[in-house]
Each structure stands twice: as structure tokens, then as C-alpha cells.
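> Here's the letter readout for the chains.
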Amino acid sequence: MREILDDIERWRAAGKRVAVARVVDIDGSGPREPGAAMAVNEDGEVAGSVSGGCVEGAVVTEALQILQGAERRIVTFGYSDDEAFAVGLTCGGTVHLFIEPLDW
Amino acid sequence: MADPAPIYEILRERLRAEEPVALATVVEGPGAGSKLLVVPGQDPVGSLGNEDLDRVVGRDVRGELDAGRSGMRHYGPRGQAGETTVSVFIESFAPPPQMWIFGAVDFTAALARVAKVLGYRVTVCDARPVFATERRFPMADEVVVDWPHRLVEARGAELGPSDAVCVLTHDPKFDVPAIVAALATDVGYLGAMGSRRTDEDRRERLRAEGVTEEQLARIMGPIGLDIGARTPEETAISILAEVIALRTGRPAPSLRDTAGSIHR
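Taken in sequence, the protein lines are chains C and Z. Residue 11 in full-length UniProt numbering sits at position 11 of the first sequence, and the numbers go up by one each step. Residue 81 in full-length UniProt numbering sits at position 81 of the second sequence, and the numbers go up by one each step.
No lab work stands behind these hints, which were simulated from the structure alone. Honestly, I wouldn't trust all of these hints.
As the list claims (entries may be wrong) - Simulated pairs of lysine to aspartate or glutamate, EDC-like, Cα-Cα distance not exceeding 20 Å: (1) Z:Lys173 <-> Z:Asp146; (2) Z:Lys116 <-> Z:Glu18; (3) Z:Lys116 <-> Z:Glu234; (4) Z:Lys116 <-> Z:Glu142; (5) Z:Lys116 <-> C:Glu3; (6) C:Lys16 <-> C:Asp43; (7) C:Lys16 <-> Z:Glu9; (8) Z:Lys173 <-> Z:Glu204; (9) Z:Lys116 <-> C:Asp6.
Stated by the list, open to error - Computed footprint of chain Z on chain C; a stretch qualifies when at least three of its residues, placed anywhere within it, have a C-beta under 8 Å from a C-beta of chain Z: (10) 41-54; (11) 63-74; (12) 93-102.
We treat Cβ as the ideally placed atom computed from N, Cα and C, and that holds for glycine.
Generate coordinates for the entire structure from the input sequences, incorporating the hints supplied.
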């Protein structure tokens, strides 16, 4: 969160709504530790990152849906033995993100 | 956006001030998104839904914050252990680790710069006011004009396992008392720069000061990993790489543990 505060402040000052995605859990090897955070504003501008760049595009799509009224939720990216998710991580791990509007 | 959001505001101020704080968020189960913010020594702010859950999670959050850990915990609806109805993400924000660099020498600026990249709060300390200036080390958070051992004696209690002390003075007059003082702290990384001959000479001087072999084994000297570094920048990378390897317990070859010329 620390590294995205400046962008969040700027967006809030401009009256933009903001969603925050945080890595809450990792299976296998993941590029970023739990707590890695990314913010997306209602215009689709991005601050921070939650992976090595593999899933950020998909996170923007999810974040914009949540800003448009979808339920805040855990979103999972990566490959597992029994099912392939839509977007993978090059390192082969699975990352669980909690995405929510910054309304707290 | 509606009214100012109190939890975010407090979190932001704590992060800006580099003070410890932890945030618990329900990420699965009833009340997903509800939050409990924990500041050491104060009552928690917010709620996860009921007093029992708040009490149990609040206790766990304090433990995780002390350990500097972030991760998922699972509970029953009233905080019961062994149940998984409620998943809580606990995120600890410990203050950034510190790096104290002793000696305002050529290598100091490069080391301070690389340490900043890795998120350290950097203090440069040298007894010589001509060299220890903020103008020479604008990247440092703090430049202290004093004998290094006096800084350690005054503020060594601030140093813990995630912090580092790098002794670059090359001068036994400064570095022997500084190392003796640093050995009395809990600092996680203690490195000292110099050639193999300088290092042997320094270890002899430290023994003469009563430093034990066990204490000498804590000292990473000659400082850095054996990567053939030559420039101040390369040397800074070799030092920070050694700091990381020591923390993670990986067997990257340190100069301390190899033989032969440092520069090949």
C-alpha cells in the first residue's frame, strides 16, 4: 500500500473512485508477497502491481467491474493441476487477490 | 466519494509516518470487506462483525505485526479456531528496515543508493564533519556527524534482526569500537569492508578488545558476496545481495567464506 498512496491521494483529490487489489494468498511460487497492492481508478489508470506483470491487465477489468457495482471478492489467477484459469503466471504459481472499492 | 474513510485515513497517516500498523480484512465469508485496524498500544478501529471475532482476530493481528508477517487466517463466525467460515487477511506494516553506514567514503553513496532501492531507511555516520554532509549524501535519510560507536551506544536499541550495519571506514580507530558496540545489539547484518589483510588485522584487534570467536563469526568481513565487484556500485550490489542471502539463508558465496583475491 505504501508505494501507491501518492497516486490514490491524487485520484481522490480529483474526485475519482478507486478500487484496491491486494495479494492475500499464494500457492506455489508467486512473484509478489501477500500485501502487494495495486490501485485502479474509475478511468482505468493503474498504480502499483500484484505480479510480475502477468495478471495486471485482467485485474484492471475486474477492478472496473467492482467499481461499477459488482461484489468485492477474491479473484484467483494462475494454473493448477485440475483446472486452468483464464490468465496464468509465468512462474507457475497461483495468486489470490482481494479486490474492493476504497470505501473504507 | 462520501465521508472521509476513517480506517484508510489512519492507515495512510501511519504509513506516511513509518509507524507500525496492521489491517485485518474479511475477504471471504459474512461481512466480506469489513476491517479492523490495529495500532500498537491503542484500541482497534473498526469491526469484523462481532465482538468475539474482533477480540480473537485483534490478538492474532498483534502477534503477526510483532513478527512482521502478512497472511490469511481462518475462523468460525465468532472467532472459533479450527473453523473456516470467515477468512481474514492480516496485513502487517512494519517500519522499514534500517541500514547504518559507517564511514563517509566513496562507497557510501553507492551503498546508500542501493539500500534505498531496497526500501531501507539509511543513516550515514562519520566523525569527520568535512565528509559527513547531507550535500554529499542526499539519498541518505539522515547524516550523523559523530563517532560511529557513540551512535550505536546512544541508539543501538533501535537495531533489530531486519536491520543492517555496514562498516566502511577502513580505519581501525573508528571501526573497532563501532564493531564492538554493534556486536552488543540485535542487528541482523553486520559487515565490515577491507581487504583480506585488513580484515585479519581487524579481527586480531577485536580479539584484543575481548571479542569472542562466536561474536567474530557474526561479522561479514570482507563485506559482500564473491561476485568480482569492482566499482562502488558493483560493491554496493554485492553487499546488499549478501544482506538478502543472509536473511533468506541461501548459500551464496560470501567473501568471508572464500579465499584469494577479492578483485580478479
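> Hints first: check each against the structure and report whether it holds.
Taking the hints in turn, this is what the structure says about them:
no.	hint	verdict
1	Z:Lys173 <-> Z:Asp146	holds (13 Å)
2	Z:Lys116 <-> Z:Glu18	holds (14 Å)
3	Z:Lys116 <-> Z:Glu234	holds (15 Å)
4	Z:Lys116 <-> Z:Glu142	holds (12 Å)
5	Z:Lys116 <-> C:Glu3	holds (13 Å)
6	C:Lys16 <-> C:Asp43	holds (8 Å)
7	C:Lys16 <-> Z:Glu9	holds (16 Å)
8	Z:Lys173 <-> Z:Glu204	holds (14 Å)
9	Z:Lys116 <-> C:Asp6	holds (18 Å)
10	41-54	violated (count 0)
11	63-74	holds (count 4)
12	93-102	holds (count 3)
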